[in-house]
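Chains as they are written, first to last, in our numbering: chain H, 1 to 427; chain Y, 428 to 748.
It is possible that some hints are incorrect.
[Claimed, not checked] Simulated pairs of lysine-lysine, BS3-like, Cα-Cα distance not exceeding 27 Å: (1) Y:K552 - Y:K640; (2) H:K107 - H:K54; (3) H:K19 - Y:K517; (4) Y:K560 - H:K9; (5) H:K234 - H:K54; (6) Y:K556 - Y:K612; (7) Y:K552 - Y:K605; (8) Y:K556 - H:K19; (9) Y:K729 - Y:K643; (10) H:K19 - Y:K516; (11) Y:K516 - H:K9; (12) Y:K556 - Y:K517; (13) Y:K562 - Y:K612; (14) Y:K605 - Y:K653; (15) Y:K729 - Y:K605; (16) Y:K643 - Y:K612; (17) Y:K517 - Y:K552; (18) H:K9 - Y:K517; (19) Y:K562 - H:K9; (20) H:K68 - H:K54; (21) H:K234 - Y:K517; (22) Y:K516 - Y:K562; (23) H:K19 - Y:K605; (24) Y:K552 - H:K9; (25) Y:K612 - Y:K560; (26) Y:K560 - Y:K517; (27) Y:K729 - Y:K653; (28) Y:K516 - Y:K552; (29) Y:K734 - Y:K653; (30) Y:K729 - Y:K640; (31) H:K19 - H:K9; (32) H:K19 - Y:K560; (33) Y:K653 - Y:K643; (34) H:K234 - Y:K605; (35) Y:K612 - Y:K653; (36) H:K68 - H:K107.
These are computed hints drawn from the structure, not numbers from a lab.
Chain by chain, the residues:
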Amino acid sequence: MAKLWAVIKREYLERVRTKWFIISTVFGPLLLTALMVLPAMMTVRNMRDAKLSKMEILDVTGNDLGAKIAARLTGPMADTGVITVRALDVAALASAEEEALARVQSKDIAGYLVLDSGTVAGRSARYAGRNASSTGEMDGIESAIRAVVLNDRLEREGLDPVRIQQLTQTRVQLATERITDKGRGGSGTGSQILGFMVAFLLYMMLILYGQNILRSVLEEKTTRVAEVIVASVKPDILLAGKVFGVAAVSLTQQVVWILSGVLLWRFRGPLLAKAGAGEMPPIPFPEVGVGVLLLFVAFFLFGFLFYAALFAAAGATVNSDQDAQQAAQPVTLLLVASIIFVQPIMMAPSNTMAQVMSWLPFSAPIIMPLRMAVVPVSPLELGLVLAGLLLSCIAAIWFASRIYRVGLLMYGKRPTLRELSRWVMQS
Amino acid sequence: MTDLAVDIRGISKRYAEHVAVRDLTLQVPRGAVYGLLGPNGAGKTTSIRMLLNIIAPDTGSVTILGRPNTDVAVLDRLGYLPEERGLYKKMEVRRLLVFLAELKGLSPREAERRIDGWLERLSLKTPDKDWGKSKVDELSRGMQQKVQFIGTLLHDPELVILDEPFSGLDPINAQALKDTVVELKRQGKTVIFSTHLMDNAERLCDSVCIIAKGEKVLDGTVSGVKAAAGDRTVALAFAGGVNAAVAAVLADRSLVAHADDQNRFVEVELAAGAEPQRLLERLMQTGAQIERFERVHPSLHKIFLEKVGATGIEAGMSGHG
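Construct all of the structure, not just a fragment, from the sequences and the given hints.
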C-alpha cells in the first residue's frame with residue numbers, strides 16, 4: 001500500500017535525519033565503552049592508591065608481626081616511610097593510640113592499625129583511620145594480616161619460609177561454563193551479561209522511542225497536521241505508519257550499537273590493557289545461534305509495537321506537553337515495573353516470579369530474552385508466550401487506533417476514563 | 428455519472444454538550460463555486476469534516492463525485508485546506524509537499540515535477556532564493572499559507588474544499604486566492620469554501636448555503652437567494668454625506684423600514700406599501716445632491732444579518748458576518 005509506505009518513509013527519514021539521532025547513534029557505543037572501561041580503571045586506580053596511604057602499626061603482639069605486615073604491604077621496597085611500626089607493651093597501647101589519633105587528625109597519617117594477642121590467635125585486628133571505608137585498601141590490609149598470621153603459624157610449626165611461600169601461593173580462577181540441552185555453550189557470565197544487555201536495550205529503546213512517538217502524535221495534533229493527513233488516509237494508516245517507521249528507526253540504531261558492541265567485546269582485552277586495567281580474565285562471547293537472535297528480534301518487535309501503540313494512544317488524548325507526561329505515566333509504569341525485576345530475575349531465573357513475568361505481555365518482551373539467555377526455556381513455552389504477545393499486540397493496536405481516531409481531532413480538556421471507553425466502544 | 432459534486436443528506440453531529448450540526452442537507456453542482464456561510468461556531472467546520480469523513484456523522488450520508496465518502500479512493504480526487512494551517516514545522520518544504528502529494532496517490536517523481544511550477548507561480552522560488560529548500564518554520568506565516576495551498580492543489584483535485592481560506596490573508600494574497608478560485612472554476616473544478624466574509628462570498632460564489640447554530644437557514648444560487656429576498660432595497664449616495672434633512676426622511680417609518688448607513692452609500696429597505704418614486708421625491712425636496720439612487724437586490728450581507736439575526740446569533744459572535 002503506497003500511502004502506508006509514504007507515511008513509514010516520512011517517519012523514518014525525518015527521524016534519521018535529525019541531529020539527535022546521529023549523535024545518539026554515534027555516542028551510544030562511546031558511552032558503552034566508557035561504561036565498561038571507566039569502572040575498571042577506577043578499580044585499578046583504587047587498588048594502587050591503597051598502598052600509598054600513610055599509616056602507623058601499633059604492635060603489642062610481642063613478636064615482629066607488625067614489621068612483617070608492613071613489609072608485605074609495602075612490597076620489596078620496605079622502609080619508605082609510608083608505614084611506621086611501633087612495637088609496644090600492652091600497658092603503653094592506650095597512650096600510643098592517643099598519639100596516633102592526634103597524628104591522624106593533624107593529617108600526618110591516614111590511620112593506624114592495632115595488632116594484639118587476638119591477631120596472633122588469628123581472630124581480630126583493629127584499624128582506625130580516615131580511609132576506613134575504602135574497601136580496596138581495607139581488603140588489602142586484611143589479606144596481608146591473614147597471610148602474615150598464617151605464615152607465622154606455619155613457621156612456628158617448623159616449616160621453611162621458602163617452602164611456605166611455595167605452599168601458600170595459589171591463583172585459582174573460577175571458569176564457568178553454561179550447559180544447555182544442546183550441550184556446552186559459552187560461559188555463564190557471558191550469557192548473563194548478554195541477557196541483561198538485551199533486556200536493558202529493549203527497555204531503553206521503548207522508553208526513548210515511546211516518548212518520541214507520543215510527542216510526534218502530540219505535534220501532529222497541535223499543528224493540525226493530523227487533520228490534513230486524515231483527509232487523505234485513514235487514521236489507522238497514520239498510526240501504523242508511525243509505529244512501523246519509528247520501529248525501523250530504533251532497529252537501525254540498534255544494529256549500529258550492537259555491531260559496535262560486538263566489536264568492543266572482541267577487543268575488550270587490548271582496550272582494557274591500554275586503559276591500564278591489566279590482565280582481566282577473558283569472558284568468552286556467548287555463542288548465540290541465529291534462532292535465538294531471531295527470537296530476540298521477534299520479542300523486540302512485538303514489544304515495540306505493543307508499547308508504541310499504547311504511547312500513540314496516550315499522545316492522542318492530550319493537547320499539551322504537561323498533559324502528555326501524565327498520560328504517558330501508566331504506560332511508562334508498566335515498563336519500569338518490568339525493568340525493576342531484571343536484577344532479581346537474573347539471580348533466580350527459574351522461580352515462579354521469573355516465569356510469570358516472562359509470560360505477561362507487558363513484561364515478556366524484556367524478561368523473556370533475559371530468561372532465555374540465562375536458563376534454557378522450552379520451545380513450547382516460547383511459542384506460547386510469543387503467540388500471547390502477538391495477540392496482545394493486535395489488541396493494543398486495535399485499542400490504540402480507536403482512541404487515536406477520535407482523539408486526533410479532539411481539542412480542549414483531557415478526556416476522562418469514561419469518555420475514553422466511549423471512544424473505544426463507539427468508533 | 429451524476430452532475431452533483433457533493434450530495435449531503437441529513438447529516439447530524441451531536442457532541443456531549445451540544446448539537447454541532449442538525450439534519451443538514453445540501454447539494455453542490457459540479458463546476459460550481461459554493462459558499463458555506465455562517466457565523467463562527469455555526470457548524471461550518473464540523474460540516475466540512477463530516478463531508479471529508481474526517482469525523483463520522485451520527486446520522487445521514489455524504490456522496491462525493493458519485494461515490495460514498497467512506498470510499499477512501501474518492502479522497503484522492505479532492506483537495507482540502509483546513510482552517511488552521513497544518514504543516515510539519517521541521518520538515519523541508521519540498522519534502523513535505525512530496526509527502527502530501529504521495530498521500531493523495533501521486534508518485535514522488537510526478538510530485539517533484541509539479542512542485543517547481545507551483546513554487547514559481549506563488550513566488551516561493553525566485554532566481555535568488557528557493558524557499559522549497561527551507562524548513563517550514565523558517566517561512567513567514569503568509570508563505571506557510573501558500574505552501575499549504577500548494578499542498579491542497581498539487582494533485583490536481585476535481586473538488587477543492589477550503590475552510591475559511593480568507594482568514595488572515597493580506598489583500599494581495601486574498602486577491603491571488605480569488606484569482607485561483609476563478610481559475611479552478613474555469614478548469615471545470617468544483618470549489619466549496621466556508622467563510623463569514625459576505626463580500627467575498629457575494630463576489631465569488633455561484634451558490635451559497637447559510638447555516639447558523641448547526642442548521643441550514645437557506646440555500647440556493649446567489650441570484651436566486653437575492654431575488655427571493657425581494658427588490659425592496661434602494662442604494663443611495665449623497666455628495667457630502669447624509670445631512671439632517673435627509674436623515675429625517677430616512678427616519679420616516681411610513682416610507683423606510685430600515686436604513687443601513689454603509690458610509691459610502693446607504694442601503695435602504697422600503698416600508699411595506701411605500702413607492703420608491705415617493706422616496707426619491709422626498710429626497711429631492713431636501714435639496715441634497717443625490718449621487719446614486721438605485722433599486723438593488725439586498726446584499727448577501729444584509730440577507731445574512733436578517734436571516735441569521737432571526738435565528739439568533741449568539742452574543743459575542745463575529746462582527747464580520
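The hints, checked one at a time:
{"no.": "1", "hint": "Y:K552 - Y:K640", "in the structure": "violated (43 Å)"}
{"no.": "2", "hint": "H:K107 - H:K54", "in the structure": "holds (10 Å)"}
{"no.": "3", "hint": "H:K19 - Y:K517", "in the structure": "holds (12 Å)"}
{"no.": "4", "hint": "Y:K560 - H:K9", "in the structure": "holds (19 Å)"}
{"no.": "5", "hint": "H:K234 - H:K54", "in the structure": "violated (75 Å)"}
{"no.": "6", "hint": "Y:K556 - Y:K612", "in the structure": "violated (31 Å)"}
{"no.": "7", "hint": "Y:K552 - Y:K605", "in the structure": "holds (21 Å)"}
{"no.": "8", "hint": "Y:K556 - H:K19", "in the structure": "holds (25 Å)"}
{"no.": "9", "hint": "Y:K729 - Y:K643", "in the structure": "holds (17 Å)"}
{"no.": "10", "hint": "H:K19 - Y:K516", "in the structure": "holds (16 Å)"}
{"no.": "11", "hint": "Y:K516 - H:K9", "in the structure": "holds (17 Å)"}
{"no.": "12", "hint": "Y:K556 - Y:K517", "in the structure": "holds (19 Å)"}
{"no.": "13", "hint": "Y:K562 - Y:K612", "in the structure": "violated (32 Å)"}
{"no.": "14", "hint": "Y:K605 - Y:K653", "in the structure": "holds (22 Å)"}
{"no.": "15", "hint": "Y:K729 - Y:K605", "in the structure": "holds (22 Å)"}
{"no.": "16", "hint": "Y:K643 - Y:K612", "in the structure": "holds (25 Å)"}
{"no.": "17", "hint": "Y:K517 - Y:K552", "in the structure": "holds (19 Å)"}
{"no.": "18", "hint": "H:K9 - Y:K517", "in the structure": "holds (16 Å)"}
{"no.": "19", "hint": "Y:K562 - H:K9", "in the structure": "holds (18 Å)"}
{"no.": "20", "hint": "H:K68 - H:K54", "in the structure": "holds (16 Å)"}
{"no.": "21", "hint": "H:K234 - Y:K517", "in the structure": "holds (23 Å)"}
{"no.": "22", "hint": "Y:K516 - Y:K562", "in the structure": "holds (7 Å)"}
{"no.": "23", "hint": "H:K19 - Y:K605", "in the structure": "violated (42 Å)"}
{"no.": "24", "hint": "Y:K552 - H:K9", "in the structure": "holds (26 Å)"}
{"no.": "25", "hint": "Y:K612 - Y:K560", "in the structure": "violated (31 Å)"}
{"no.": "26", "hint": "Y:K560 - Y:K517", "in the structure": "holds (12 Å)"}
{"no.": "27", "hint": "Y:K729 - Y:K653", "in the structure": "holds (10 Å)"}
{"no.": "28", "hint": "Y:K516 - Y:K552", "in the structure": "holds (19 Å)"}
{"no.": "29", "hint": "Y:K734 - Y:K653", "in the structure": "holds (12 Å)"}
{"no.": "30", "hint": "Y:K729 - Y:K640", "in the structure": "holds (18 Å)"}
{"no.": "31", "hint": "H:K19 - H:K9", "in the structure": "holds (18 Å)"}
{"no.": "32", "hint": "H:K19 - Y:K560", "in the structure": "holds (18 Å)"}
{"no.": "33", "hint": "Y:K653 - Y:K643", "in the structure": "holds (17 Å)"}
{"no.": "34", "hint": "H:K234 - Y:K605", "in the structure": "violated (31 Å)"}
{"no.": "35", "hint": "Y:K612 - Y:K653", "in the structure": "holds (22 Å)"}
{"no.": "36", "hint": "H:K68 - H:K107", "in the structure": "holds (25 Å)"}
Going through the hint list in order, the structure does not satisfy hints 1, 5, 6, 13, 23, 25, 34.
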